[in-house]
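Given the sequences, and given the hints that come with them, work out the whole structure.
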Amino acid sequence: MPGRPSRPELLQGTLDLLILRTLLPGRNHGHAIARHIRRTSEDLLQVESGSLYPALHRLEAKGWIDASWDLSEMGKRARYYRLTPAGRKHLAAERSKWEALARAIGLVLNPAEQEGQ
Amino acid sequence: MKSFFRKLTWLARRPIKEADLQEELQFHLEEEAESQIALGRSAADARLAARRDLGNLTRVQEETRAAWGWTLLEHLLQDIRYALRTMAANKAFSALAVLSLALGIGANTAIFSFMDAILLRSLPVAHPERLVTLSWRTNENESHGLNRHDDSFLEPKEGFGGSVFSYPAMEMFASNDAIFSSVFGYQSAGELHLRVGNQAQIASTEYVTGNYFQGLGIPPAAGRLITADDDRAGAASVAVIGFALSQRRFGSPAGAVHQSILIDGLPFTVIGVAPPEFFGADPGAHPDIYIPAHAFLLLHSDGSHTAGVWFTNPDIEWVIGLARLRPGVDIAQAQAALSPQFSEWMRTVNRARNRADLPRLVVRDGSGGLSGVRLRYSKPLMILLTLVALILALACANIANLQLARATARRREIAVRLSIGAGRARVIRQLLTESVMLASIGGLLGIAFAVWGIRFLTLLLSAGSENFTLRAEVNWHVLAVVAALSMVTGILFGLSPALESTRVDPMPALKGSRTAATRSHGARRLTLSRALMVAQIAISLVILVAAGLFVRTLASLESIDLGFNRESVLTFKLNARRAGHSDPEIGTFYRNLQARFASIPGVRSASFSDLALVGGRMMTGVSVNGATLKTALMVSVGSGFFTTMETPILVGREIEPRHLASSHLVAVVNRVFAQKNLGDRNPLGRILTAPDDCATCAFEIVGVSGNALVGRDVREKPGPTVFVPYTANLWGPMQAMIYELRTAGNPLGYVRTVRELIHEADPRLPVSEIQTQSALIDATINREVVFARLSTGFALLALAIACVGLYGAMSYHVARRTGEIGIRMALGAPRSRVVWMVLREVLLLAAAGLVIGIPAALFAAKLLKSFLYEAQPNDPISLTVAAVSLVVAATLAGYLPARKASRIDPTVALRCE
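Going down the list, the sequences are from chains V and A.
Per the numbering used here, the first sequence starts with residue 1, numbered consecutively.
Per the numbering used here, the second sequence starts with residue 1001, numbered consecutively.
Some hints could be false.
Covered stretches of chain V, as calculated for chain A (at least 3 residues, CB under 8 Å) [unchecked claim]:
(1) 42–54
(2) 73–79
Facing chain A, according to a computed beta carbon distance under 7 Å, are these residues of chain V, among others [claimed, not checked]:
(3) H31
(4) H57
(5) R58
(6) A100
(7) A104
In case anyone wonders, no lab produced these hints; they're calculated from the structure.
Just so it is clear, CB atoms sit at the ideal spot from N, CA and C, and this is done for glycine as well.
See below:
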């Protein structure tokens, strides 16, 4: 997208993780999920809306999230997504995997800290 | 798994899902627009920004749908829709392809269903793998006793074979309880008269030994089955009936138990019903009734010969032997243990057989039942299956070639699809879907052809016997084979054209240039197309040569000199004893009937015999003037038999009416008998004694006849034969007689008169097997008739398929070379030269096909050797005829495109470039 400051690309598969994490406190609709990810990442992570919906539907097909129609705060019909127990379990597993990965990469990238210890 | 079902339910709610997605995205756009407005944009700007943010809406929808997980299925449906459209647009091609495939698949299915019925289906018994059949082999063709089941199999490598044993031999086998857990046997009692209440019918009946059902290990459908206690002299008369008969006559199996029935007028009690899937141990027979072997004594109780010898005489062979191996014993061990024992036993007790050629025991796998039927039909079916498989291959090559030609026409279409972003794999998948669709439709139609083909084949195969009960059917095995065939053929003929036609460089193809794009790929495509044509010609040659050999074999068989005149003879069978006639009146009754038949206007003479000429035989030991026993065939005949059959009497006289009444028995022997037993001595007046168990049966030889063939097969050489008056009652009380009427004109024209006369003489007397003598003989060479007819049909089919293929491919070649031909003609090439140019290509391909095909055909013919009669595998006539007809066909197929090429207008052709 022209004109926007460059942001880090989302790693393959991390979008799923972000969506699941976003739904952890409670249900939400697509637009709110995108907005939430953008805000909490301090606008560093720009979720492409074009890839958000395929991802949501894929997660639904896998049974990690459920969808139902309800009225939004503005009184419009919106499709709300909610974590399923299976999704919760998957999130926990993925999260620890991700943290391990992030730690490992951190260790490699900052060996000085390691030496300092 | 769960997600799979979720996807399935989604599939059902597809329109709702689609609307949901629309609404969801719409909501997203609105929300986004709201937030943009909150940032201070105008409403119009905000909407645009929202759209920009979401990106390509169609693409988002497409990718989301992909997440639903039925893209593959959707593509498939799309492909099928598209394939149907393409097929509808090319009706001629589709019809041709589907038809040739349907014929190919149908023929394969029909033949396979017979193989399934005969070769693959196991007996519906417990542990069929432990069943073995017992049979024997001798060097010379020699049998003693009786076998109504079909075991007339000749294995050139193993000598002559038979599957019947004497009752004492079966007892000897049964004593080996270390090897066998049970030994049991059966023999057909023939077609007997069955009465249930006041309804009468003919029922095929089987004698079974007491442990037959336990040995096979089958449970009753109702009541109980025959046990060892039922099978002894003096036991109560009991019968087990087949499932179908129980339903037909008693409504249900349970209703049949304890009912009384009459078999040939004798009361029997039904004790049980066999299970529905059980068809007896012989897959070629289908008994209605099973009775204990010792019921033989009851059914033959009125004899002058005691029936008891059938259970004690080791020379009377009549029980078909089966046995069940003990666990842990294999066939080779059984063979090794029993073979020497059987040989030793035969040496000790057998008096009737040639000492130098005593039978050798053969133990075979019995899981499919009687080996005779398998042997008899398995090789012919293999051959037929090979022929039809070749035809299917031909059809596949044909369609592949046509597809290749069509691929040229579709070059633009495929280029368009490739250039708008379809992957090559996707286009190949689409083309393969088309091929498999064609093949599947072909397969479906093929099933219809197969059903029809099975009926036709049953008719052809059963021509030999009235009680042909081989049940071939389209079952799930067969359907699975059809499905597999359709898939495989579809991929087979679709793959290489699909690979070829997607090797397109879109740009030049789209520009419509004819030459640039196709030069490099075209050359490959041409080579492939030519290779297919050469293969077609080679395959056709093999089929044509095989057909030629079978037709020649049939022709040789039909021209064998049988020693009598087979034309213009009507034959039929009468059994006066079953109709209630008894001794001595029955003899007079048969003779009076003969006189009545002889007086029919147009009947030149009439006689009768206990055996039909070519259709059966009885062998026994005969001694001349007290010399040692020699085996001979014996036939009982009425007076005037030789006149009627037009068999010459070489010395002396034939059996005349005065010989019948006289207590002084006479005989006519054939030339082989005289030469073998008497050499150059004068046979007249010598006394021969027969059969071997009758010391008082002495006959004076009054004549020597030509070698009329008595036997089961026209290929047999006439053996030593003795003809005696039927009044001698050679085999006990006289039973059925076969009448022979020599007629003027078509014998079948007399059927009505004959029936009327018989009805007049005795309305209770049914006529059976009424047919011409030549039809009766044709029945013995039924296999050859079937082969000749089917293979001729296959050959014509192959030729037609190959012609269509050649024509299509050559038309395509000519179309490709339009430009070149135009230039040649513009430079002054005459039309004849252009015609020759195209024809030369066809002929070169044909020559290449023949170069490959002739060695292949010679090799194939060698495998057919055992099926040929007086035709050598390298028969030059068959080979020449096949090659010439192929070249002619190829020329014809090439001539039309050649003529078209010669009519190309140079100016038009060049403008196309």
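These are the hints, each one checked on the structure:
1. 42–54: holds (count 6)
2. 73–79: Holds, because 5 residues of the region 73–79 of chain V bring their Cβ atoms closer than 8 Å to Cβ atoms of chain A.
3. H31: holds, 4 Å
4. H57: Since chain A brings a Cβ to about 4 Å from H57 of chain V, closer than 7 Å, the hint holds.
5. R58: R58 of chain V check passes; min Cβ-Cβ to chain A is 4 Å, inside 7 Å.
6. A100: violated, 27 Å
7. A104: violated, 31 Å
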